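Student: Listed below are the residues making up each chain.
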Amino acid sequence: MKANCWQGKRKMSVETVPDPKILNSQDAIVKITSSAICGSDLHLYNGFVPTMQEGDIVGHEFMGEVVETGKAVQKLKVGDRVVVPFPISCGRCFFCQQGLTSVCENSNPNAFLAEKMWGHSPAGIFGYSHLLGGFAGGQAEYARVPFADVGPLKIENGFTDDQVLFLSDIFPTGYMAAEQCDITPGDTIAVWGCGPVGLFAIKSAFLLGAERVIGIDRLPERLRKAREDCGATTINYEEEDVLDALNEMTGGRGPDHCIDAVGIEAHSPGVQYAYDRAKQALTMESDRPIALRDAIMACRNGGTVSIPGVYGGFVDKVPFGSLMNRSLRIRTGQTHVHKYLGPLLERVQKGEIDPSFVVSHHMALDDAPEGYKIFNNKEDECIKIVLKPGEKRENLQQHVTH
Amino acid sequence: MATQTQETTRTVQPWQQAQSGQKSAVLGMDTERLARGLGWYSIGLGLTELLAPRAIARLTGTTNHQALIRSYGLREIAHGVAILNRPRSAAAVWSRVPGDALDLASLGRALASPRNDRGKTIGAMAAVAGTTAVDVLCALKLSRVTGGATRAEANIIINKSVEECYRFWHDFENLPRFMNYLQSVRITGDTQSHWVARAPGDFRVEWDAEIESDVPNERITWHSTPGSQVQNSGSVEFKAAPGGRGTIVSAKIDYDFPGASAAALAKVLGKDPEQIVKKDLHRFKQVIETGEVIRTEGQPAGRRSSTTWLDSVAR
Ligand SMILES: NC(=O)c1ccc[n+]([C@@H]2O[C@H](COP(=O)([O-])OP(=O)(O)OC[C@H]3O[C@@H](n4cnc5c(N)ncnc54)[C@H](O)[C@@H]3O)[C@@H](O)[C@H]2O)c1
Ligand SMILES: [Zn+2]
Ligand SMILES: [Zn+2]
Numbered sequence: 001m002k003a004n005c006w007q008g009k010r011k012m013s014v015e016t017v018p019d020p021k022i023l024n025s026q027d028a029i030v031k032i033t034s035s036a037i038c039g040s041d042l043h044l045y046n047g048f049v050p051t052m053q054e055g056d057i058v059g060h061e062f063m064g065e066v067v068e069t070g071k072a073v074q075k076l077k078v079g080d081r082v083v084v085p086f087p088i089s090c091g092r093c094f095f096c097q098q099g100l101t102s103v104c105e106n107s108n109p110n111a112f113l114a115e116k117m118w119g120h121s122p123a124g125i126f127g128y129s130h131l132l133g134g135f136a137g138g139q140a141e142y143a144r145v146p147f148a149d150v151g152p153l154k155i156e157n158g159f160t161d162d163q164v165l166f167l168s169d170i171f172p173t174g175y176m177a178a179e180q181c182d183i184t185p186g187d188t189i190a191v192w193g194c195g196p197v198g199l200f201a202i203k204s205a206f207l208l209g210a211e212r213v214i215g216i217d218r219l220p221e222r223l224r225k226a227r228e229d230c231g232a233t234t235i236n237y238e239e240e241d242v243l244d245a246l247n248e249m250t251g252g253r254g255p256d257h258c259i260d261a262v263g264i265e266a267h268s269p270g271v272q273y274a275y276d277r278a279k280q281a282l283t284m285e286s287d288r289p290i291a292l293r294d295a296i297m298a299c300r301n302g303g304t305v306s307i308p309g310v311y312g313g314f315v316d317k318v319p320f321g322s323l324m325n326r327s328l329r330i331r332t333g334q335t336h337v338h339k340y341l342g343p344l345l346e347r348v349q350k351g352e353i354d355p356s357f358v359v360s361h362h363m364a365l366d367d368a369p370e371g372y373k374i375f376n377n378k379e380d381e382c383i384k385i386v387l388k389p390g391e392k393r394e395n396l397q398q399h400v401t402h
Numbered sequence: 001m002a003t004q005t006q007e008t009t010r011t012v013q014p015w016q017q018a019q020s021g022q023k024s025a026v027l028g029m030d031t032e033r034l035a036r037g038l039g040w041y042s043i044g045l046g047l048t049e050l051l052a053p054r055a056i057a058r059l060t061g062t063t064n065h066q067a068l069i070r071s072y073g074l075r076e077i078a079h080g081v082a083i084l085n086r087p088r089s090a091a092a093v094w095s096r097v098p099g100d101a102l103d104l105a106s107l108g109r110a111l112a113s114p115r116n117d118r119g120k121t122i123g124a125m126a127a128v129a130g131t132t133a134v135d136v137l138c139a140l141k142l143s144r145v146t147g148g149a150t151r152a153e154a155n156i157i158i159n160k161s162v163e164e165c166y167r168f169w170h171d172f173e174n175l176p177r178f179m180n181y182l183q184s185v186r187i188t189g190d191t192q193s194h195w196v197a198r199a200p201g202d203f204r205v206e207w208d209a210e211i212e213s214d215v216p217n218e219r220i221t222w223h224s225t226p227g228s229q230v231q232n233s234g235s236v237e238f239k240a241a242p243g244g245r246g247t248i249v250s251a252k253i254d255y256d257f258p259g260a261s262a263a264a265l266a267k268v269l270g271k272d273p274e275q276i277v278k279k280d281l282h283r284f285k286q287v288i289e290t291g292e293v294i295r296t297e298g299q300p301a302g303r304r305s306s307t308t309w310l311d312s313v314a315r
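Chains as they are written, first to last, in this note's numbering: chain D, 1 to 402; chain L, 1 to 315.
Hints listed in this document are in silico derivations from the structure and should not be mistaken for laboratory results.
Please read all numbers here as calculations on a predicted model, not as lab measurements.
Glycine included, each C-beta is placed from N, C-alpha and C at the ideal position.
Some hints could be false.
Said to hold, decoys possible - Chain L stretches covered by chain D per the calculated footprint, using a threshold of three residues with CB under 8 Å from any CB of chain D: (1) 222-228; (2) 273-283; (3) 290-300.
Could you build all of it, start to finish, from the sequences and the hints given here?
Tutor: As structure tokens, then:
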């Protein structure tokens, strides 16, 4: 089959590799019909995630058709159409049983490496480094899915792939980010980053009863989407001082809850950016917490700082005193996708949200390396790219218009 | 990754800087000094790798691997601190050995790459191989002075009842399902069993074991029978975790290093025995909670092998 492989910093290539096989009795093999590129993949692409190895198949947001099942698989059948959650959950450990599936104790065979780095290991993730299991990912024609009775969600209605694909990651991620804020009526929520995760966080905050959501970014097409498709008020951080603007909008109190949907590769127009880039280059810090610092400083007393943005190692100059003295609360995590699958599919069915609004590009699997380039450089008004394995370039309309 | 610069670091300071006055009755001063030396060497090397990865890359003839070299730097520092904190612990010194293996493995990879300078890479490999030899020697010596044996201990919490954990472990034929280095265990009598261990390169060690005590749902202890090729003994304890949260399983394995078989056993264990017990327990947990050890060997990748050296270090 063909698969998109990481070959080093800013180097991806589509290779012909062996087809995946059943390796554990609870595995299924899925023939992939849609596979998205995520902001998290950009962290791999830009070399911020340690323990990637040349030739690793990437991709963790995918769906398709079950073509084979292991002998212990009971619920899934060949022919089922499924969306696959990005963290791998065993369904039986202490954490999985509480719904904390992204910190499953059994699904990372390389837990030992993660323990060295983080003290304890989280779950394994598809296509996301050897630290997180070294599992082959889903930007490919086929993928092997462990614990097939636990993860994949069966899709039985006539939704298009674009409408249900994002249940694999970014819709639950935005939703969990908002849910962690415990929104009450009247709340104002500020969201740093209007990428796919930020956009879903904005939509979800409204679904959960927020009065007002403020989206922060610098890319006009994304700010426009936040306003027009999600109903947010927006701030362009290149044009305004974000903290001043937020204080202005909230009478000086600050937003009730703040969401960092940017993560380690944050950008800023100020000297701060040069400082963090330099420290990163010297490996004196691994992550650039620019949005996180803002989110903490901006948040109103007693509010929540919810962090779906990915961090990997150490951050510098995080205003911890501000957190402590002002009774802020931090909530974060890789998303526990499994527990949101059912409830969010129901919201899609009820027509409360159509997740396909984020898609800007459809591309052939062969064009994945080009897709990474466009998405990384935010060229061509790119918001979300969906790769279509098995479909020819000629048959795809690259730009998706809504 | 050792280089010419580190060679100097290593010869000048460590031995002299080692603190004296902690002479112990059990442990020869020399070995302790050697351990401390390795500790300081680790820290020096780690700092250099962290702060000057480019220089190291140049010296070792490996271009484009600075991020990797930096991460090795962090690892070296961690080992150094561990050894200095516990200069008498064999485990801390053993912990250097897989690190050395990592270095050798990456230099080996670098050698295969046409971009790199072969002469320099080979030089660095020789230096690391030398360091590995010192590490192994020191670890073996420490293992010996603490009573001729290495004890490895670890525990893990499992989401199953004490009864289920005990029952599964009690059937020794289940052990190879989670102890990777065992090829088979065959029950040969009421309390007897025959164990076969394997290592890379078709290396095999066999021994007979006997259950010494067996307290249902509490504890099992066993030991190899006298005259076995390898002397070892083990015990496993099962305790209900507080709050009804399953079972805490604690395993303890003692390996003896009698003369010639030391090398044999080291070959089977390959690395820090404590890590092995810890990883065995993690696999035990996977098997008993989910029914199997989750695998990635045999999955596709855009390279020849499905897994990489990192996976083999981690598992
Ligand atoms: N927690 C999880 O499980 C999970 C899941 C998916 C993605 N993520 C993470 O969420 C983050 C966003 O993902 P995405 O797919 O939306 O990525 P993306 O790259 O498309 O979006 C990031 C956005 O942040 C903006 N930005 C950069 N610096 C900023 C700043 N200082 N202030 C405000 N905005 C800024 C960028 O312009 C961009 O629009 C990433 O870190 C990704 O790894 C986490
Ligand atoms: Zn993702
Ligand atoms: Zn689990």
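Student: Each hint needs a verdict: does it hold in this structure or not?
Tutor: Hints and how they fare:
no.	hint	result
1	222-228	violated (count 0)
2	273-283	holds (count 4)
3	290-300	holds (count 11)
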